[in-house]
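Participant: Each chain is listed here by its residues.
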Amino acid sequence: LNGRDSQHELVIRRAHVLDPGSGLDGITDVRISSGRISEVGDGLRGTHELDADGLHLFPGFVDVHAHWRTPGREDEETLESGSAAAAAGGFTGVVMMPNTDPVVDRPVIVSGLARRIERESRVRTYISAALHVGLAGERLTEMRLLKEAGAFCVSDDGLGTASAGVLRNGMLYARTAGLPVILHCEDHTLATGVVHDGTAAALAGIPGSPASAEDAATATALVLAAETGAKVHITHVSTALSAALVAFFKERADVTGDTTPHHLTLTDDLVSTLGGAYRVNPPLRPDDDRRGVGKALRDGVLDFVATDHAPHASEEKELPLEEAAPGFLGHETAFAALYTELIGRGKLSLPRLVEAMSCAPGRWVGEGGGITVGGPADLTLVDLSEEWTVGRETMVSRSSNSPYLGKKLAGRVVGTVVGGELVHDKIGARFGVRA
Amino acid sequence: LESRHLLTLEDTSREELREILDLAHDYAEGNLGKPLEGKTVCLAFFEASTRTASSFELAARRAGADVISLSEGGSAIAKGESLVDTVVTLDSLGADAIVLRHPSAGAARLATRHTGAAVVNAGDGCGQHPTQALLDLYALSGALGGFEELVGRRMAIVGDVLHSRVARSVIPAFQAAGMEVALVAPQTLLPGEDGVWGLPILSSVDEALGWGIEVLYTLRLQSERMVGGSPRVPSVAEYAAYYGVSRRHLEPGVFVMHPGPVNRGVEISGDVVLGAASLIPDQVAAGIAVRSAVLTIATGALREVAA
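Chains as they are written, first to last, in my numbering: chain P, 1 to 435; chain E, 1001 to 1307.
For the record, the hints were derived by calculation from the structure and aren't laboratory data. C-beta: ideal position from N, C-alpha, C; glycine also. Keep in mind that a hint or two might mislead.
If the Cβ cut is set under 8 Å, some of the chain P residues that face chain E in the computed set are [said to hold, decoys possible]: (1) E138; (2) G205; (3) A244; (4) L321.
Please build the complete structure, drawing on both the sequences and the hints.
Facilitator: Given below as structure tokens:
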């Protein structure tokens, strides 16, 4: 996509421009030239104009955690459908995870994927290669060659790392390769269940995994990050204790953390439905944890939001909870779920949400995340007043395993611009060539 | 009364329990004939079971139903057909009731979304086993001289509560019947969250007797809890010492119950299993009448009985 920056000029007029990074917060105009932001100010006119009166304009959202199931499970998601779903959710940049079939653990797979991304993805797409061959937690991948082939970071996401010694070597070598490490923290000797080991699980008779499965692994990872000096990102933090551990290590290690829209808005009482739709890993937690990670996001202890977009075929979800595949769709509902549940209830400010969905993850990938003259024109247009109901038919993804199906949400992404190009457009009528 | 599913006893009222047990009593007395004549009952067992499957089959046939039986050996279930597809197939065959046994909690509830037939949960994972608790109530009522006699009496559920679907049905059902329930188990065999049921937790069978119980309801301890990668009890000897029921516990007026199959010498010593205090044979015997009653209510045949 980086090669297809538009040559057109476009002026987005009269949107409420909000970018906490550059301090913009008010109604003004933004001029885009050759895929970059060329001017911000009042009264701008251009040959192509988009009337955004009543809409909000944010720096494009960036999602550091997504599963686009390519290669191997294209029935669930492809680069085209995953990136279209991301664009529909306002995301202009996405990191895709390596737990595909085959696993993204060899340079030839990375270079092949990079070529397909150029042709098939609508948004800026960053490849996470595997940290260990086959995600097996044993042999290191060829990280320097993977980086040359186009990998942006490494991760064994979906699996914890069995041995602390192996993880320590992985961190040291990733530092040598200059690759950030994304860690899914889970101790498999503790994580023997399928939901959070709490009241709902006990009453329902569904095997639970204790919170220590995440907390103990997070503590180990943070200690190793501090010792090795690796650039480590702890993804999908779901407990208050893990968030507190991240806070403790913020000054002691090169560490960042994220949490997900579903861990910020849903709790483990959904286990009582016994429905496979609500199985996810890490599992939905009790309300104390939900509020704890929410506070950590508000205070910046957790740097940003990532969705862990995880499409699954219906036959993998329409099962008893114990047998269902873990994972939720995330891209298309992320902003609306958080706007409805956190901002609508006064738990988070809109500038902090934009910081957490755009600026901070944009800084992490080193691209986008701001509305600054000379920067890439990666932008998200949102109608905060629109209410909509999440339904299978609204889904752009190839799958429909959203935990918000049937739920009415406020705030809708109506336009997404990547490199000056409109890659998602629900406001076509407003976009016109000036006579 | 409408035809209805039987998935759980979590919210069942005392009156509903009494209605089922009264109907079971009528069946046991031979007063009802064959109200399920012309009805089709399908047994779909996705998990090995001899006693429950046989009991349901006898219960359905004695009440006059046609019975189709699918089990994990030699059927589409063995070929990997999904739960939903099996249920849809049975629905298309014209089932009036589907009796479902499955290794995962929530299977019976999932089945109800794909059939118009009444679904009777015959045990789902560690979730619920409602007909077991109903036949337990029936057997205990019989021993004590009536359903009313249960009110205010104390019982202890002893053993692997954590993995027990029987316990998850027995706890709410016996409480609804008016009994006071305590749990006797080591922390490794209880849910991690303390006090989910708000019940007293006692440290041994002896302590339970001191608490004044009249019923010791013992649960099966599966062998994989005792050995293997992450054992939950240190040895059979230690388990039997604190959580096993032996002859010395049999004070007058104390009954011993067990859902079977029993590990003799682990949760109950051999001389207690068939002793005078044991209700285990009564429990098995009660199963047929109770399950006939459940199927009669589930399929809506009760209206015809009443008429």
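Participant: Each hint: holds or not?
Facilitator: Checked hints:
1. For P:E138, the suggested interface contact is broken, since its CB lies about 20 Å from the closest CB of chain E, more than 8 Å.
2. Given the 8 Å rule on beta carbons, the hint for P:G205 holds: about 4 Å separates it from the nearest Cβ of chain E.
3. About 20 Å separates the beta-carbon of P:A244 from the nearest beta-carbon of chain E, more than 8 Å, and the hint is not met.
4. The restraint placing P:L321 at the interface with chain E holds, with a minimum CB-CB distance near 5 Å, inside the 8 Å limit.
Violated hints, in rising order: 1, 3; the structure is consistent with all others.
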